[in-house]
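Colleague: So the chains spell out like this:
There are 2 protein chains.
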Amino acid sequence: MKMNIKMTIAYDGSRYYGWEHQPGNDLTIQGKLESVLSEMTGRPVEVIGAGRTDAGVHARGMTANAHLETEMTEDEMLAYLNRYLPEDICVLSLKQASDRFHSRYNALGKTYRYTCYVGSRKPVFDRKYVYVPEGVPDIRRMRRAARDLVGEQDFASFCGNPRMKKSTVRRVDSIEIERQGDYLTLTYHGSGFLQYMVRILTGTLLEVGLGKRPADSMPDLIAARSRPLAGFTAPAKGLCLMQVDYHTRDRSDS
Amino acid sequence: MKMNIKMTIAYDGSRYYGWEHQPGNDLTIQGKLESVLSEMTGRPVEVIGAGRTDAGVHARGMTANAHLETEMTEDEMLAYLNRYLPEDICVLSLKQASDRFHSRYNALGKTYRYTCYVGSRKPVFDRKYVYVPEGVPDIRRMRRAARDLVGEQDFASFCGNPRMKKSTVRRVDSIEIERQGDYLTLTYHGSGFLQYMVRILTGTLLEVGLGKRPADSMPDLIAARSRPLAGFTAPAKGLCLMQVDYHTRDRSDS
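Respectively, the protein sequence lines represent chains C and H. Here the first sequence stands for residues 1 to 254, where the numbers follow our numbering. Here the second sequence stands for residues 1001 to 1254, where the numbers follow our numbering.
No wet-lab data here; the hints were simulated from the structure. Positions of the beta carbon are idealized from the N, C-alpha and C atoms, including for glycine. Careful: at least some of the hints might be erroneous.
Stated by the list, open to error - Among chain C residues calculated to face chain H with C-beta under 7 Å, some are: (1) Ala10; (2) Asp12; (3) Arg83; (4) Glu87; (5) Cys90; (6) Arg121; (7) Val124.
Said to hold, decoys possible - Derived DSSO-like pairs: lysine-lysine, alpha-carbon spacing no greater than 30 Å straight-line: (8) Lys1237(H) with Lys95(C); (9) Lys212(C) with Lys128(C); (10) Lys1237(H) with Lys237(C); (11) Lys237(C) with Lys1128(H); (12) Lys165(C) with Lys95(C); (13) Lys1165(H) with Lys122(C).
Construct the entire structure; sequences and hints are all you get.
Modeller: Listed below in structure tokens is the structure:
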């Protein structure tokens, strides 16, 4: 039977060159999924992701779809995938979707979370999933600066691709900055993000929190449209794609 | 100033050959600590651990002491250690102890925790700290069997060292078996444990939970004093030394 499957996927990106399939390089999440699905169906399968995550970035809710032909049930496919995928990639759910469902074109928004360890010791057991800033940032200053980053704006200053030809306008719906015990999290929700944008926003906000740049300097920084004026690119390991939003009719039930 | 320092230590044991220093092998926790302390004081320092953890076993509360001579304060030593130790070892606290304090001889009891993932997916982000059993064990059956393992008994059937010459009598104070969401934990408290004892107890209890051996078979197993009759040795990665108990006068304040 021909079908279009929709998958929600979690992965530890530590050892991968990112989501996107690269010719001649097997170590990508998309590549691993395509390889197992092709083996499962006996013919080449293309996996379409909601977006690309960079090398070293993690996901707890990446969404992808794939058109394939099989007699297997959804549960059988889910079990097959999780059995043959490496232990650092897990398909959390798998459902048949409408033929027209496209995980990238239909995505309405994405939630990313950046996690910092700000305790007085060392994050021994989750060191691959957190970044340790040089000091404890002031979250009130960060929240003040984050307010000016919300909205539909030209984020050219926060774009990691210097040869970006297309529009650098994006809509950031919210940036929530929370401290829970030894952890500081920055949760971003928006329509879409430019390359490295979440990590550059995070690096810039951390610099504000550490007193290295004024909390009210974001409007000028946005107006400047200049990447060198923004903060450092926070390391990939602290970043995780949490969720991709779709219209209810596209939503997987699990 | 000469002093005896008492340290509480956390480590991810994944890449180590265990706690104990081995001649010609630098990859032990004790070896790493001795190397940094010796560098710090400018002369060889011996680190005495409360016990040995095997290759791949983790700790959140190992205790160790070391006699050394330094002009540094406790806080300075703590900062120095955490700066120069690898990122998978952290000294949680460091206090001056009485000259007579010996982390092994003075230990009154130890708490170990074994963690299994029993969810329907895969433990992507904590896969190095949990074991995934082949099925979901029945914890009522496990608790029933565990009752017969508590007390001062001869645990020869649960001793991984076939050439053990000394007494195999140990006192197990409690075994708590809990399910929390996708995780099943077995928490052992006792006066001391034989080599691989916690892992063999866990393997045996998991076999009871999976219906592979009767829940009331522990007394016969203990009486047999035969390692081959007990269950499998549960993998090292699921095990963590949580705490070492001392008399209040030996207790570190942190």
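Colleague: If a hint holds in the structure, say so; if it does not, say that too.
Modeller: So, going through the hints one by one against the coordinates:
1. Ala10: holds, 5 Å
2. Asp12: It holds, given that the least Cβ distance between Asp12(C) and chain H is near 5 Å, below 7 Å.
3. Arg83: Violated. Min distance 10 Å.
4. Glu87: holds, 5 Å
5. Cys90: holds, 4 Å
6. Arg121: holds, 5 Å
7. Val124: holds, 5 Å
8. Lys1237(H) with Lys95(C): violated, 33 Å
9. Lys212(C) with Lys128(C): holds, 26 Å
10. Lys1237(H) with Lys237(C): Distance of about 22 Å is within 30 Å: holds.
11. Lys237(C) with Lys1128(H): holds, 17 Å
12. Lys165(C) with Lys95(C): violated, 36 Å
13. Lys1165(H) with Lys122(C): violated, 40 Å
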